[in-house]
Amino acid sequence: MQVTPDLLREIEQFLYREARLLDNRQFHRWAELLAEDLRYWMPMRSNRYPANSKAIASLDEAHQETHDLTEAHELAVMDETRESLIRRIERLDSGFAWAEDPPSRTRHFISNVELEPTENPAEIRAYSNFILYRTRGEREEDFYVGSREDILRRTGETWQITYRKIVLDQSVLSAKNVSNFF
Amino acid sequence: MVAEMQGLVNSERGLVSRRIFIEPDIYQQELERIFARCWLFLCHQSQIPNPGDYFTTYMGEDPVLVMRDSGGSVNAFLNVCRHRGNRLCRAESGNAATITCAYHGWTFGNTGKLVAVPNLQDAYFGELDLDQWNLIPVAQLDDYKGMIFATFDPDAPPLREYLGEMAWYLDSFFDRREGGVEVVGGVHKWVVPCNWKLPAENFGGDAYHVSWSHLSAIRAGFAGDFRLRNTGGSLVSPGQGHCVITLGGGDIAEAPEPELVAYEQDTRPEVVARLGPRAEQVSPIVGTVFPNLSIIRSTSHSFRVWHPKGPGEIEIWAWIFVDKAAPPQVKEALRVNGLRGFGPSGTFEQDDMDNWQECTHTSRGVVSRRYDLNMQMGLGHEEYRPDLGGLASDYRLSESNHRQFYRRWADLMAAEQWQDLPA
Ligand code: FES
Ligand SMILES: [Fe+2]
Numbered sequence: 001m002q003v004t005p006d007l008l009r010e011i012e013q014f015l016y017r018e019a020r021l022l023d024n025r026q027f028h029r030w031a032e033l034l035a036e037d038l039r040y041w042m043p044m045r046s047n048r049y050p051a052n053s054k055a056i057a058s059l060d061e062a063h064q065e066t067h068d069l070t071e072a073h074e075l076a077v078m079d080e081t082r083e084s085l086i087r088r089i090e091r092l093d094s095g096f097a098w099a100e101d102p103p104s105r106t107r108h109f110i111s112n113v114e115l116e117p118t119e120n121p122a123e124i125r126a127y128s129n130f131i132l133y134r135t136r137g138e139r140e141e142d143f144y145v146g147s148r149e150d151i152l153r154r155t156g157e158t159w160q161i162t163y164r165k166i167v168l169d170q171s172v173l174s175a176k177n178v179s180n181f182f
Numbered sequence: 183m184v185a186e187m188q189g190l191v192n193s194e195r196g197l198v199s200r201r202i203f204i205e206p207d208i209y210q211q212e213l214e215r216i217f218a219r220c221w222l223f224l225c226h227q228s229q230i231p232n233p234g235d236y237f238t239t240y241m242g243e244d245p246v247l248v249m250r251d252s253g254g255s256v257n258a259f260l261n262v263c264r265h266r267g268n269r270l271c272r273a274e275s276g277n278a279a280t281i282t283c284a285y286h287g288w289t290f291g292n293t294g295k296l297v298a299v300p301n302l303q304d305a306y307f308g309e310l311d312l313d314q315w316n317l318i319p320v321a322q323l324d325d326y327k328g329m330i331f332a333t334f335d336p337d338a339p340p341l342r343e344y345l346g347e348m349a350w351y352l353d354s355f356f357d358r359r360e361g362g363v364e365v366v367g368g369v370h371k372w373v374v375p376c377n378w379k380l381p382a383e384n385f386g387g388d389a390y391h392v393s394w395s396h397l398s399a400i401r402a403g404f405a406g407d408f409r410l411r412n413t414g415g416s417l418v419s420p421g422q423g424h425c426v427i428t429l430g431g432g433d434i435a436e437a438p439e440p441e442l443v444a445y446e447q448d449t450r451p452e453v454v455a456r457l458g459p460r461a462e463q464v465s466p467i468v469g470t471v472f473p474n475l476s477i478i479r480s481t482s483h484s485f486r487v488w489h490p491k492g493p494g495e496i497e498i499w500a501w502i503f504v505d506k507a508a509p510p511q512v513k514e515a516l517r518v519n520g521l522r523g524f525g526p527s528g529t530f531e532q533d534d535m536d537n538w539q540e541c542t543h544t545s546r547g548v549v550s551r552r553y554d555l556n557m558q559m560g561l562g563h564e565e566y567r568p569d570l571g572g573l574a575s576d577y578r579l580s581e582s583n584h585r586q587f588y589r590r591w592a593d594l595m596a597a598e599q600w601q602d603l604p605a
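Those sequence lines, one after another, are chains A and B. Our numbering applies: residue 1 is where the first sequence begins, and numbers increase by one. Our numbering applies: residue 183 is where the second sequence begins, and numbers increase by one.
Calculated directly from the structure, the hints in this document are not laboratory data. Hints may contain errors.
[Unchecked claim] In silico lysine to aspartate or glutamate, EDC-like type, Cα no more than 20 Å apart, as pairs:
| id | chain 1 | residue 1 | chain 2 | residue 2 |
| --- | --- | --- | --- | --- |
| 1 | B | LYS491 | A | GLU140 |
| 2 | B | LYS327 | B | ASP353 |
| 3 | B | LYS506 | B | ASP448 |
| 4 | A | LYS165 | A | GLU114 |
| 5 | B | LYS491 | B | GLU205 |
| 6 | B | LYS295 | A | ASP60 |
| 7 | A | LYS54 | A | GLU65 |
| 8 | B | LYS513 | B | GLU452 |
| 9 | A | LYS54 | A | ASP68 |
| 10 | B | LYS513 | A | GLU71 |
| 11 | B | LYS506 | A | GLU74 |
| 12 | B | LYS491 | A | ASP142 |
| 13 | B | LYS327 | B | ASP357 |
| 14 | A | LYS165 | A | GLU32 |
| 15 | A | LYS165 | B | GLU514 |
| 16 | A | LYS165 | A | GLU123 |
| 17 | B | LYS513 | A | GLU74 |
| 18 | A | LYS165 | A | GLU12 |
| 19 | B | LYS506 | B | ASP353 |
[What the hints assert, rightly or not] Covered by chain B, per the in silico footprint, the following chain A stretches (three or more residues, Cβ under 8 Å):
| id | segment |
| --- | --- |
| 20 | 44 to 54 |
| 21 | 75 to 83 |
| 22 | 166 to 173 |
Each residue gets a CB set at the ideal place from its N, CA and C atoms; glycine is no exception.
Okay, chain B solo, but in the shape it has when bound (with noise of 0.2 Å):
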């Protein structure tokens, strides 16, 4: 069944229905046309730098797992035994040349290739033709600054066309200076009771929350106070449902660590030069690369991915990354004040989990849910900025980059294949 985008998403008015974070066929259909179709976050090339290394993480809900080769080259596959689809590899990360199932015994090279079966001659009569039983890869798998991206659509377009103007806003995160970003060794993986847009929405344009919502840490001296602030600033939409928050050219958001705000001083004119002029114009701190990857280089620098579990259910996993040319006192500022403000006990995010619960929750009233939810703000006063690469706000707080955002899901929702998406 396909359900009826029509009237679930008006961006022309502001307008979301609630039935799409409730609904369990909606929810299937996200799975099947935003997840199996769309570029999805798979890990960071520091995570796996040596031949044979690997990691296990999702793609919807489909386990898969990111190996780089006895060669160097990474590869992606459905995580899954193509014999009775046991799950493969139960480990988190490791290195392997081969992966046995814990079933029977198939055994995978880390080229995804079966290599060798059980019984081979005396149960199957040699007959099996294993060449016809490698683990599944993904359709599409490439890398952007040393983020690794894959899809499970062939017709998907490319990734650097898929990111569009996103790229330059994730340059303005990953490659900053000489090297880009590594990640700080761990994975914050944790379970919130909430649908999985809720975060995703938040991390692309929500400023409007900050100095409610984190107000108790921002007064306990969290962050810097960037309530008292009105610098300029906007909501920037690069197309494509990607989008971020961006602060003044020059403004900072970093957590009051004198060596964090000296490193961001100090680095600046090499940054500058490398990004560009648009550099000097807005300073992204916060971002959605469509659908479920989001990034925050503020009070904390984390990307994380919002893992959906049903319509009512996420896992987030969590990293923090530093420049990798950074001095290793401004990695360990990046690392401690990174795990005090976002990750399961950061003081900063605690309160978000809260909200985007009662949200969800909330959404399951049969009258709650006649009620359209407001993104309204700042409608009509966005446009299109050639020098910004995207739709803008003319305020630094708006919902224009959630109505971007939901207009984007409902193309996706109700578009057959990529041929059908308006651009």
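Here chain A stands alone, though its shape is the one from the complex (with noise of 0.2 Å):
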């Protein structure tokens, strides 16, 4: 798919949009713009010293550690199916998800925007970065602060999220849990 202005702008007004749905908690709407078979994954940051750090003198190369974000087969804050956000959102539905009861109040900042084509001609691959403003009860905040990577399938007159990638900048996460989506 090749990238045009008019593409770029139609990719923005659709983060634009499903942000507004997050934002308004109407997660079932927000769930129609997921993909069969979206992974959606937030791994982890962790400190590391670079390969050219002067501070450490390695005594086996091999098992220097200098990547800063957790893997595929490693630990992530999220790592999710479609249908697993669903089960996310039905709990959110019964009434006992006291994380989120009463609700958050969520504003996304969807910014920088960049498309790139994929190999597969109905998709592109989107980089954005999010801030995710999030207040709860009488004075809670928090900040969650990252960078995205979407592939967004063209499907009829819309898109669908078939894969997202989120990776936060805060190693120690420094809110108490992550209820709300990115």
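Using the supplied hints, reconstruct the complex from the two chains, each of which is provided in its own coordinate frame.
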């Protein structure tokens, strides 16, 4: 798929609309934007010495661990399918989901949208940055800041999310929990 | 100042003062008398398998560096440079022959030895005795079934004695099959505004909250419906403040994934043969090793440390563990279900944070603080069971473990030395 100014505009609008659905807590409508084969993945960051660091002299180069992001087979904050996200939504519907009862008030800010073609002509890769502000109860406030890499698939008039990688910038999360969607 | 412990915990009547969740003096005394004395969990052997591997953590609020030296033995030190007290290692894990302090460049080897100091000849006139300025080691370090523990107290009893009857219960989590367990790569780390004892007591004995606090996750299919089961099971206190929640023998509370349920069934004969007849009577699913290591082996298989960060804040550091001998698809199912159930986004765990936060915050009110907390469930309906190696409740719901946890807490807070502690 070719990247054009019109396509960029269309994808931006899609992402803004998605954010509005989340902030309005229209989670079932949001779930309609998720592809059947979705992987929704939020790996974890950690503090590592880079390979050129002079703070450390490795005993064994092979075990120096310079990557600062967990890998696919490792721990993640979230590692979801469409089905498991829908179960998370059903949990919120149950009337017993105390972490969201009373609910969070959220605001998603999406920026730095960039498109990149993929091998699949029906799909486009979209990079974006986000701030998710959450306030809850009397004065709880959390900022979740990071980037996303999406693969979006054209389905008729609209788009579906088939891959979303969410990278938070924090290593130790300062929020007591992650009970919202990104 | 030593806070007077009299009257803060009354385990005979099941009453606990709210002062212990909020007051700074009591918290300072906990750092001294609990965290600087007890055996604390550092990391799992499978995190640092190779010579030079290290992992940084905390014991109480003291930063600690756990390292496997070039010869293969594990040591732990204050992660603090001896010169001006800068934090030495700033990475969470990695591999090192030597680590150099970012401030003035003192260099320490992976045995903790100070090996190089810039300007040693000209500025120190060669007069600094490097041997006097090695990293400060922990007083004792030992391993139980792959779990590495340490204490800063040379007078603390050896680890095996400190664990006592809890050792069998640890076996039931970590030594079910040949090879024991290994951890999935990565550690969940997050901040929760609550006192550290609330999660420790919750994992130690709060079977009660599960079917209400976690009903949303159960209803949404993240667990088998164990709310409806009325099996045996008991709260077991194996002594010295350690606590375990058990189901009846043979019962499981796994995530409802067919491969996990099948794995439990298929391996059961092997597990019972390995663990012995007690495994026919009880299935341990959650527990706390006093003071701040908790383990869960139900819808998620996780162990976690509740690192204290002041009276009203903790960092949770949580791992997912799997039987080393489990097939790859079982390990993968445990990884995925583990993080969907417990961890920052856990469909079970996220509901706990709120409760612990509010239980802590309401302790700020001076009037609220005058009223003791109630830990009276099943008072008098517990007995010492030699077959279970501990004090066990007569019913599967009880606050008997809470009473033992806080009794130990009060004993440690009052005791000047290990010898003064009641058994
Ligand atoms: S503080 Fe570490 S070298 Fe000075
Ligand atoms: Fe819980």
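Right, here's what the structure says about each hint:
1. B/LYS491 with A/GLU140: Holds. B/LYS491 to A/GLU140 sits at ~19 Å (cutoff 20 Å).
2. B/LYS327 with B/ASP353: 7 Å, holds
3. B/LYS506 with B/ASP448: This hinted pair holds, its Cα atoms lying about 15 Å apart.
4. A/LYS165 with A/GLU114: Cα-Cα ~15 Å, so holds.
5. B/LYS491 with B/GLU205: Given pair B/LYS491, B/GLU205 holds - Cα atoms ~13 Å apart, limit 20 Å.
6. B/LYS295 with A/ASP60: Holds, at roughly 19 Å.
7. A/LYS54 with A/GLU65: 15 Å, holds
8. B/LYS513 with B/GLU452: 18 Å, holds
9. A/LYS54 with A/ASP68: Judged against 20 Å, a Cα distance of about 17 Å means the pair holds.
10. B/LYS513 with A/GLU71: 15 Å, holds
11. B/LYS506 with A/GLU74: 15 Å, holds
12. B/LYS491 with A/ASP142: 19 Å, holds
13. B/LYS327 with B/ASP357: 7 Å, holds
14. A/LYS165 with A/GLU32: 18 Å, holds
15. A/LYS165 with B/GLU514: 19 Å, holds
16. A/LYS165 with A/GLU123: Cα-Cα ~16 Å, so holds.
17. B/LYS513 with A/GLU74: 11 Å, holds
18. A/LYS165 with A/GLU12: Given that 20 Å is the threshold and the Cα spacing comes to 17 Å, the pair holds.
19. B/LYS506 with B/ASP353: Distance ~14 Å between B/LYS506 and B/ASP353 Cα, so the pair holds.
20. 44 to 54: Coverage by chain B holds here, the residue count being 6 at a Cβ distance below 8 Å.
21. 75 to 83: With 6 residues closer than 8 Å to chain B, the segment 75 to 83 of chain A meets the three-residue bar; holds.
22. 166 to 173: holds (count 3)
Checked against the numbered hints above, the structure breaks none of them.
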